[in-house]
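**Q** Each chain, written out:
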Amino acid sequence: MELIYFQLLAAILFCIGIYGVLARRSAVLILMSIELMLNAVNINLIGYAAFSSFGSAHRNLGQVLVIFIITIAAAELALAMAIILRLYRNKNNVNVDELDILKG
Amino acid sequence: MILSAEFAWIIPGLAVIAFCITSLFGKNLPYKGIFLPIAAALLGFIFFCLIFVDFISTGFNPTSVSIDWIVIDNWSITWGFAIDEISILMLGLVTFISLLVQIYSVGYMSGDSRISWYFAVHALFAGAMLALVLADNLLFLYFCWELVGLGSYLLIGFWFEKKAASEAAKKAFITTRLGDVGLLIGIILLFKATGTFHIPSIIHAAQNGAIPESTLMWSSLLLFLGAMGKSAQFPFHVWLPDAMEGPTPVSALIHAATMVVAGVYLIARMLPLLEIVPGFLTLVATVGLFTFLFAGIIALVMTDIKKVLAYSTISHLGLMVLTLGAGGLAAAMFHLVVHGFSKALLFLGAGSVMHGMNGETDCWKMGGLRRNMSVTGVTFLVGCLSLAGIVPLSGFFSKDEMLLSIHEGLGPIFLFITLAGVFLSSLYMIRLFCVIFIGEPRSEGAKNSHESPRVMTYPLVILAVFGTVLGVLALPLPLGDFEGLGNFIDSKHHFHLSPWITPLSLLIALSGLVIGYMCYGYHKISHHLVALRFGYLYKLTVSKFYIDEIYQWIIDKIVLSAARFISIFDRVVVNDTGVDGIGVSVLLSAFKVRLIQTGKLYNYAAAMGIGIFFMAVMWILASN
Amino acid sequence: MSVVFFAIAAILVISGGIGVVAARNIVYAALSLLVAMVGTAGVFLIGLAEFLALVQLLIYGGAVVIVILFSLMLTKIQDFEFLTANKQWPIALIVAIFLLGLLGISILVEGSATTTMGSTNISELGLSLFSDWAIPFELASLVLLIALIGAVVVVRRDNGEDK
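In the order they appear, the protein sequences are chains A, B and C. Numbering-wise (the working numbering), the first sequence opens with residue 1 and increments by one. Numbering-wise (the working numbering), the second sequence opens with residue 1 and increments by one. Numbering-wise (the working numbering), the third sequence opens with residue 1 and increments by one.
What the hints contain is simulated information worked out from the structure, not anything from laboratory work. One thing to keep in mind: the hints can contain errors.
[As the list claims (entries may be wrong)] Distance condition first, Cα-Cα at most 25 Å in a straight line; then the derived DSS-like pairs of lysine-lysine:
#: 1; chain 1: B; residue 1: LYS163; chain 2: B; residue 2: LYS544
#: 2; chain 1: B; residue 1: LYS600; chain 2: C; residue 2: LYS87
#: 3; chain 1: C; residue 1: LYS87; chain 2: A; residue 2: LYS103
#: 4; chain 1: B; residue 1: LYS192; chain 2: B; residue 2: LYS32
#: 5; chain 1: A; residue 1: LYS103; chain 2: B; residue 2: LYS592
#: 6; chain 1: A; residue 1: LYS91; chain 2: C; residue 2: LYS87
#: 7; chain 1: A; residue 1: LYS103; chain 2: B; residue 2: LYS600
Between the sequences and the hints, there should be enough to build the whole structure, so can you do that?
**A** Structural data, given as structure tokens:
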């Protein structure tokens with residue numbers, strides 16, 4: 001095993017996520033793509049943690065960071081879902097195409 | 001207790017404090033707060049006396065004190081005061097005259113609704129002038145110079161309800177402003193050349209040849225322009241006669257101690273600088289001489305008592321400038337003081353006459369006032385004779401010294417033309433006195449005129465006494481190493497009498513007196529016939545050589561049309577194209593640019609993604 | 001041997017990711033997300049982070065995907081089947097490919113000093129979390145709590161809105 005595998009996998013997953021965020025119409029799908037990107041970061045962190053040459057304290061660091069990211073992601077997801085529900089109730093739609101009240 | 005010269009700044013400081021308190025709270029104070037400026041002036045005079053004693057006892061050491069105002073690196077602009085012979089002389093003159101004028105004003109201005117404002121501005125005016133004569137650097141001097149201008153504006157336009165008064169105030173302000181701009185540019189030029197505003201340093205630099213010749217010439221010219229504006233030299237003299245619209249004590253102050261003498265003071269101060277430019281003093285002298293004669297001729301035909309005095313002031317300022325042009329610093333400063341006392345006396349006397357005549361200023365409606373107004377009459381006569389230069393009054397001594405200086409500095413041609421001016425001077429002075437005080441009353445008002453209250457006559461008496469005895473100071477009195485006031489001002493100067501100039505000038509002045517008395521007192525010579533004989537010339541003179549009309553024409557035709565053109569330029573080019581154009585172009589481009597804002601979430605996200613990509617590229621490039 | 005497992009997990013992750021961004025049906029997309037999450041958990045296992053692999057399965061596989069499915073049900077979105085990409089998908093593709101190129105090049109150029117992998121046992125992680133990281137941990141719990149309360153507040157029906 002090499003660290004580079006983890007890094008490449010993380011990069012690929014991250015770019016897939018970016019594409020999803022930029023290309024999908026549905027707010028729910030955009031949210032899922034964001035989750036993909038977060039996971040890409042997590043994979044990266046786990047890779048670094050596993051190949052860390054600084055002893056167990058720093059290995060812990062990477063994993064602790066992943067725990068926090070998962071926590072924040074969960075919180076973010078909960079709020080985002082609430083907003084999507086609210087949006088749906090007000091607009092009867094969750095397509096970001098239709099949500100252009102910021103249009104100049 | 002002797003106050004040392006370092007504390008001279010207290011004197012203008014007191015006046016400024018009095019101005020602040022009286023102008024802000026005057027209405028709520030007892031007696032409308034007028035005692036504060038008077039107290040400030042009195043204290044100022046007492047301080048002056050203490051400083052003067054100290055100055056003499058420490059052996060005429062010029063002292064200066066300064067504090068840093070702006071410090072940039074090792075270079076600084078300072079507020080500084082300097083005491084030397086000239087400034088201490090001016091200090092005495094200004095404190096004394098302004099004290100007397102203020103006391104006099106208590107009587108003259110009583111009952112005026114804005115009396116506290118009057119006294120407050122009076123204090124400001126005097127304070128600014130005091131700070132001006134004490135200033136040791138040109139920047140500070142310029143501040144005070146402008147403050148003096150402001151004070152004169154406020155006081156000339158004190159009765160601003162009268163259109164003439166507000167017009168006169170504007171005229172005074174704008175006319176002197178023309179010179180002031182010159183002064184400012186001159187100061188900046190000198191600063192650019194030397195890097196300092198400090199007057200002795202600038203003069204030192206100029207004497208060492210550290211200032212380029214062309215800069216020196218231009219700055220001298222511009223400084224002189226400023227002095228001409230302030231001291232009402234031809235062609236800037238037009239504001240001074242109009243300034244008579246202000247209260248008469250103000251005229252006394254302007255003419256005697258502040259404002260107009262500021263210009264003479266500036267020339268005296270910068271004389272070592274002006275001397276360096278070849279031929280410049282001749283220009284100064286020529287301007288002075290021309291003004292001396294020109295204003296003297298007009299003074300001869302004016303009928304308004306204050307206008308005669310105003311032109312007389314212009315004339316005598318011309319004489320001072322002429323003397324300075326001849327290099328006679330001591331003589332000019334001596335005459336400045338003597339003229340200050342005499343002219344203050346005359347103006348206060350004129351104010352007293354007007355007070356007794358219920359505001360009448362036309363002297364042909366007066367006559368025979370000596371019966372009702374004996375104190376005013378006698379003191380007025382003293383002032384007239386002093387300015388005419390009759391022995392043994394102070395004016396005789398100063399005039400004599402000036403004539404000597406002119407003879408030494410400029411030669412006989414200037415001397416003889418000046419003597420013609422001396423003749424004019426005594427002629428219009430005696431004319432004024434005769435018409436007002438001698439003969440029969442020519443109106444009801446003159447018959448019923450009354451003497452002024454004592455608060456007004458006492459200053460007259462004091463001034464008359466000083467005007468009489470001041471001349472003695474010119475003599476080398478047996479007081480230690482005192483060799484006359486001239487020597488005190490300028491150690492190179494020594495009092496002496498010329499065996500032919502002194503008698504000649506006295507003779508000319510006396511002949512002026514006699515002819516004037518024949519003409520206006522005895523009516524042996526009819527002045528009407530003289531006027532008819534030279535009708536065209538008379539008309540020209542009475543119209544003041546149409547200088548005002550010429551200026552009006554220039555303003556109407558040239559200045560205003562240029563202003564109109566510029567206003568159109570401003571409206572069309574600057575406003576519509578420049579200012580509004582920028583606004584319109586912003587508006588139009590905003591209409592286009594706002595379409596970038598699609599409101600679509602993924603567009604924003606794409607922009608972010610592209611941005612991140614380029615940032616990453618740049619970061620990688622930078623890190624390698 | 002682990003390389004083979006990693007390859008399998010990576011294929012799961014990538015195919016699941018592509019499924020998320022390419023699926024026409026939103027439910028398929030959600031299920032693809034589940035696949036990607038499970039793959040990620042596998043990667044974690046190979047990275048010697050057993051506890052996190054478990055957490056990943058529980059939270060993402062158990063909670064997140066279920067929440068998403070529930071919200072799909074609640075929003076009653078009719079056009080499940082016709083999810084298309086928006087108009088700027090070519091730009092999105094270009095950005096993604098360029099970014100991938102950039103990341104890939106920089107990863108490959110930099111390389112890595114291969115060392116042996118080290119594991120962390122769960123008790124060590126727990127000790128570290130509750131001693132060194134106690135305050136951030138508590139703060140994270142607070143954030144989670146606030147987010148949940150906020151979600152409730154946002155979703156709650158106001159009076160008058162509920163007709």
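**Q** Each hint should be assessed against the structure and marked as holding or not.
**A** Evaluated hints:
1. LYS163/B <-> LYS544/B: holds (21 Å)
2. LYS600/B <-> LYS87/C: holds (11 Å)
3. LYS87/C <-> LYS103/A: Status holds; Cα separation ~16 Å.
4. LYS192/B <-> LYS32/B: violated (47 Å)
5. LYS103/A <-> LYS592/B: Status holds; Cα separation ~13 Å.
6. LYS91/A <-> LYS87/C: holds (21 Å)
7. LYS103/A <-> LYS600/B: holds (7 Å)
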